[in-house]
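Chemist: Okay, here's what each chain looks like letter by letter:
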Amino acid sequence: MTALVNPGLADELARSDGFDADACMNCGVCSAICPMGVDVEVRRLFRYVLLGMEDKVRAETERVFSCLLCRMCEENCPAGVHIAENVRTLRHHIVRTGFGLGEG
Amino acid sequence: MSGRRIGVYVCQCGGNIGDYVDVDKVVEEIKGDDDVVIARSAMFTCSDATQQEIVQDAQEQGLDALVVASCSPKLHTVTFRDVAKRAGMNPFQYTQVNVREQCSWTHTDDKTGATEKATRLVRAGINRTRLTEPLEPIVVETTPKSLVVGGGIAGLRAALGLAELGLTVFLVEKEARLGGHVAGYGPMFPNDRKGSDLVATLEEKVRANPAITVFTNAELMAKSGSFGNNQATIAIHDGDKLETIQVDVGSIVVATGFDDYEPAAGEFGYGLDGVVTLPEFKKMVDEAPGLLQYKGRPVKTVAYIYCVGSRQDESLEGAHTYCSRYCCTSAVHTALEAQKLAGDLRQYHLYRDMRTYGKYELLWNASRESGSLYLRVPDDEPPAVEKLSSGGLKVTTRDLLTGEEEIAIPADLVVLVTGMVPRDNAELVSVLKLPVGNDGFYNEIHPKLRPVETIVDGVLICGACQAPKTSSEAVAAGLAAVTQSGAMLKRGYAELDPMVATVYADLCTWCGKCRAACPYDAIEQVELDGRQVAQVVKTACKGCGGCVPVCPEDATDLLGYTDAQIKSMIDGMMEVSCS
Chain E
1 MTALVNPGLA DELARSDGFD ADACMNCGVC SAICPMGVDV EVRRLFRYVL LGMEDKVRAE
61 TERVFSCLLC RMCEENCPAG VHIAENVRTL RHHIVRTGFG LGEG
Chain D
105 MSGRRIGVYV CQCGGNIGDY VDVDKVVEEI KGDDDVVIAR SAMFTCSDAT QQEIVQDAQE
165 QGLDALVVAS CSPKLHTVTF RDVAKRAGMN PFQYTQVNVR EQCSWTHTDD KTGATEKATR
225 LVRAGINRTR LTEPLEPIVV ETTPKSLVVG GGIAGLRAAL GLAELGLTVF LVEKEARLGG
285 HVAGYGPMFP NDRKGSDLVA TLEEKVRANP AITVFTNAEL MAKSGSFGNN QATIAIHDGD
345 KLETIQVDVG SIVVATGFDD YEPAAGEFGY GLDGVVTLPE FKKMVDEAPG LLQYKGRPVK
405 TVAYIYCVGS RQDESLEGAH TYCSRYCCTS AVHTALEAQK LAGDLRQYHL YRDMRTYGKY
465 ELLWNASRES GSLYLRVPDD EPPAVEKLSS GGLKVTTRDL LTGEEEIAIP ADLVVLVTGM
525 VPRDNAELVS VLKLPVGNDG FYNEIHPKLR PVETIVDGVL ICGACQAPKT SSEAVAAGLA
585 AVTQSGAMLK RGYAELDPMV ATVYADLCTW CGKCRAACPY DAIEQVELDG RQVAQVVKTA
645 CKGCGGCVPV CPEDATDLLG YTDAQIKSMI DGMMEVSCS
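Going down the list, the sequences are from chains E and D. Those letters in the first sequence? Residues 1 to 104, per the working numbering, in order. Those letters in the second sequence? Residues 105 to 683, per the working numbering, in order.
Source of the hints: derived by calculation from the structure; they are not laboratory data.
Capping the alpha-carbon separation at 30 angstroms, the derived lysine-lysine pairs in DSBU-like fashion look like this:
no. : chain 1 : residue 1 : chain 2 : residue 2
1   : D       : 399       : D       : 387
2   : E       : 56        : D       : 498
3   : E       : 56        : D       : 491
With the rest of the complex left out, here is chain D:
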C-alpha cells in the first residue's frame, strides 16, 4: 500500500465495450487491488452525469488519482484530465486505459479473453497511476512579435491584421516590390476591383503602420528558439551588399504563394504564335488599347483550353493531379472582360468540368449569355492545336454534349487556362522545417479544424503556399493565421504540456547520446557543480521519449512515463488474477 487513493471507472461505451468485455467482472477483479478506493462501471463515462458522479466520489472519498478505462486516449484524455481537475486532483495524475480500440473492438470473437485482457490493462493503468507525481503545465512567456514571410496579398493583409492586434510585425519580401502576383492584375472577380489597386491600398496601410517593418529584397536565413520565442535571421540584399539582422518573434506566418504553371513546349501547341497562357491573356485584356489585339492584329476568335497543368493524369511524372481552383472562374471573368472590349468577339471554351463554385457560378451564367460557347471535351482525348497555313490557329476536339461530334474551331488566339503550382522554396523549407505534401504545397495540421497551423510550433502557413486558392481565400487564411498568432501571443504566456523529458543530473556523465537522439534540439550541455551534464529545454521538448532508452546511465526519464511507471505497468499486466 502506498497510501494513494485511486478511483477506477470502467466504461461500457454502450455496447462498444460492454458487449465483448464483462465490465462488471473487470471491476470485481480490481476493486480489491492496493490503493483502489473506489471501482465502478458506467454505461457512458464521458456523459455529463457520470463526470459529475466522479467529481462527487472524488470529493467524498478524498481521491488523489483517477483511472478511466474506456476508449482511445486521443479521444478523451483531455476530457477526464479536466474531470480530475474539477474534482480537485492534479490532472496529470489521471490515466486513460484503452479497452475499446485495443481490446473490445479487436477481440469480438473472444469475450473471456477480452475480459481478461481488459483486467490486465486496467491493472497496468492503476500501477502507473500509483507512481504519478503532480505536474504543472510549463508556462513560457511569449514574444509579442510576428514575422511574415512573403509580401503578396495574403502576407500584406496578415501583416496589417497582426499590427491591428497590437503585435509588432516584420514583413520579409524576396522581391524588390510588394504585392506578389495580384499587384500585376487588372480587374479581378468577383467585384472587378483591380488587383493593382487592392495591393496599393494595402501597401499604403502597411507602410504607414508604425508597428510594421518591411524588408524587401530580403530572405529568412535562419531560425532558432522554441515555442513563442524564436530568433530569426533576415538577410537583406542591397545591390552587392548583404546585411543580416536578427529579430525575436513569437510566431512566423509563411505566405510565400504559388507559381503559375508553365506549359512544356508543344503542350497544347504552346510555343506556336498565338498560343498564350491565361495570365498572359489576362494581361493583354487588362492592357488592351480599346480593341483586343495580339501583336498588332485584331483578335476576333478566342479558344480557351481548361485544366492545363491541373488534374493531370497521375501516371505522368511529376503530375499536378489537383484542381487549381481559381482558373475556371478567372478564365470566365477574363472572357467577360474581353467581351466588353469587342461585343462581336467569338469565344469557345473547351472544358473538362466547370468549377465556378459558389457565387462565381453567376459569372459563368453571365458569360454564356454574353455569347461564350462552352464545349465539354473528353478527359482522355485532349484538344489538338495546330497552326494553319493561313496564319491562324485551329483547335480540334470532340464535343461530348453533341454526342462526341468532332469539331474544328478556327481561332486567332488560343488561351491555355493554366493552374497554380507550388513554389520551389527549398531553403525556406529547410530553415523552418516546413511540412511539404506530395503535391509540393505546405501541409496544415488539420484541413478543417487547424487549417493554418503546422506541426512546427508557432509556424503558421496561409495563402496559396498551402494549396491553390483564390485571392479572397488566401486573405481569409492570412487572417486565420493572424488569429492563431493572437491566440498564442496576446496572453503574453503559453502553457505547454509538462510530460517532457528530464535528466537526473547526479547520474548523468554527459556522453551526448541523448542530444544526438533528440529530433527537436531540446537537450543542451551545461556545467553543474564542475561537471558536464545534459539538461532538457522544457519548452522545446515534445515528450517523444527518444532520449530515454539511449542513455547508458539511465539518467534520462520521461515525466508521466518514467521507467518505474513502465515497469510497474508490465508487472500489472503479468499479474495473475486470484479468481
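Excised from the complex, chain E in its bound form:
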C-alpha cells in the first residue's frame, strides 16, 4: 500500500517542541541497546511521524507504551535525539487522539 505523506501529523508532532528526530541518522544504536528488547525500531517509528504516516504510528501503540523511559537509548544516541521525550509526546498524541482523552 502506498502511504500518502501527511504533513498535518508532521506539523502537529514533528514540529512541536516535544518532538525532535531531525538529527536521527538511522544508526540503530537505540534498538540495539534497549533493555526491554523493544522490537519496534524507534528510528522507524520516528520516521513514520516525520512522514505523517498516522496509521503506522497507531499500529505501534503497544510498543510505544511498553517503553520504560529509562533513557538508555538517549544516553547512547550519537545524534543527541531526545528519544524518551519523543516517546512521551507520542503517548500524549495517541491518548489524546486515539482514545479521545485529554481534549480540553
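For chain E, the structure is supplied; the task is to place chain D on it using the hints.
Modeler: Showing chain D alone in chain E's frame:
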C-alpha cells in the same frame, strides 16, 4: 679494452632479488669483464650508506661510468643518476639494469635460470655503458607569459595569480562576459557569499591588472612551438568581423569548465509543469521576491530527486557513471536558503547517498534541523514523478529507512538535482591535443602528484574541465596551475632530458620518412651545404625513437640508445659465461 672505468653494483633488494638470484655469483661472473674496475653486491643499493660507498669507490677508483642492477628504471634511474653526478661522473653515463621486475620476480621457480639471466642482463648493461657519451641537459629559454583559456572563476583566479607572480597573461573567454556559471549564482555554500559578487570582485582586479589582457568573444584557434615557447593564435569575434592575433606564451592554462546536465524529456518527469533542475531552482530561490513562487503560484512543498545525470547505470549508453560531487551540498544549501524564505516550507529530499563531504556535513545537519526530511531511495528503483489532475505533482518512491515503505509525496515543485557533464570542446581538444578521459573530462598526468599537468608539455588543466568540482576546488586547481606555470617559467629557462634523437647529416638524403614517423613534429627539413637534410628540434623531441628504425640510410640515432649501444647489449646477452 676501451679504457673506460666502470663500476657495477648488483642489488639484493633484501630478499626481493637475493632470494632468487645468486647475486654474488653474478658479481663473480662479470667482475673480470673488460673495463669493469669494481663490481660489488649490496643489500639495498638505494640506501644512503650504499650510495655513499658508490661515491667513495668512484672517487678512489676514478670511475667514469656506473651500472646498478636492481629494480625498474622507473623507480631509481633518477636516484642513481644523481649518485653518479655526486661522484663526479656524467649522470647520463649511468645505466640501470632491471633484475627485479624483469628477472627475480618473474623466475621465482628457477634460481639457476634467474641467475644466468641476471648475468646476461648486467653484461648487456655494461656493454651499453661502455659506449655512453657524456650528455648535458638541453637548456631552453622560456617565455614568461601565460595563456588562460576560459574566464570562469578558476580561469579568472588563475589569471590573477599568474600576474601576481610577475608573468604576462592573456585571458581568452568564448562568451561576451567573464565569470562563467558562478557569475549567475546568488549565495553559495559554504559562506553565503554571492557568486555574482565573487566574480565581480575578481573581474575588477583582473581588468585593473596591467599584466593581464582580456579577450572576450574569443577562441584559441591554433598552437605551435615547443616546451616553454608556444605561439598561440587567438580569434576575436567582433560582430561579423573576425580578428586574429598571435601571442607567444610559455604555458597554457585550460579552465574551460563544465555544462549542467540536461535531463532527457520525461526523465523523472522532466518537461512536466513544475519539474525543474537544480540550477533553475537555485535561480528561483535567488530571485524570489519575498516568498517562493513558481509561475505566480506560491510553493508550499518541494521534493528533490538527487543524482540526476550522475552515478548512472553503466549499461546506459553514454552513462555519466561518476558522482558530480557538488550537487548534494548545493541542493542542501539551496534548501536552507528556500527555508529562509518560508519557514513553513515542506521539503522532501529523495537521495541515494548523501555526499556533503568534509565541512559541508554541517550544512546537511542544519538542513535536517530546519525541517527538511531525507528519504533514502533504492538505486535500482528510481522515484516516479506524475502530474495530478488537481494540477500538483506526485512523487512515488520507496523509503529504505522505513523498511522500503512505499510513499507518495504531493509536491508543488520537483527539483531534479542535476550534476555536471563535460563540455564539448572538440576544436580546443584538437588544437591543444588535450587528453580526454572515458568520462569526457580532461586527464591530468597523476591525480595526486601531478594534478594539473597534462602529457602535453606546458599545457595545464584546472577547474571543472578536469572533473566535477566545487568552485573552491576549481579555484584551488587554478592556483595549482599558477604554481606549475611559475615553476616552469619563473627561472627563465628549463632543462630537458638530453636523450633525444639525432641525425647524422652526412648520411641523410632527406626522404622525409623520419618526419612522417615523428608523433611530436620534432623533425624539420633544413638546407646544409647545399643539401636537404633532416634536423631534430631537440626541445620538441621526446626521445621515443620512432624515427630511428624507419631511416633507410641509418642516419638517425637516439642518444643514450644508439644502434651501436643496442647491438652491444644484444652481444652482451648472447655471450656465454666462461664458468
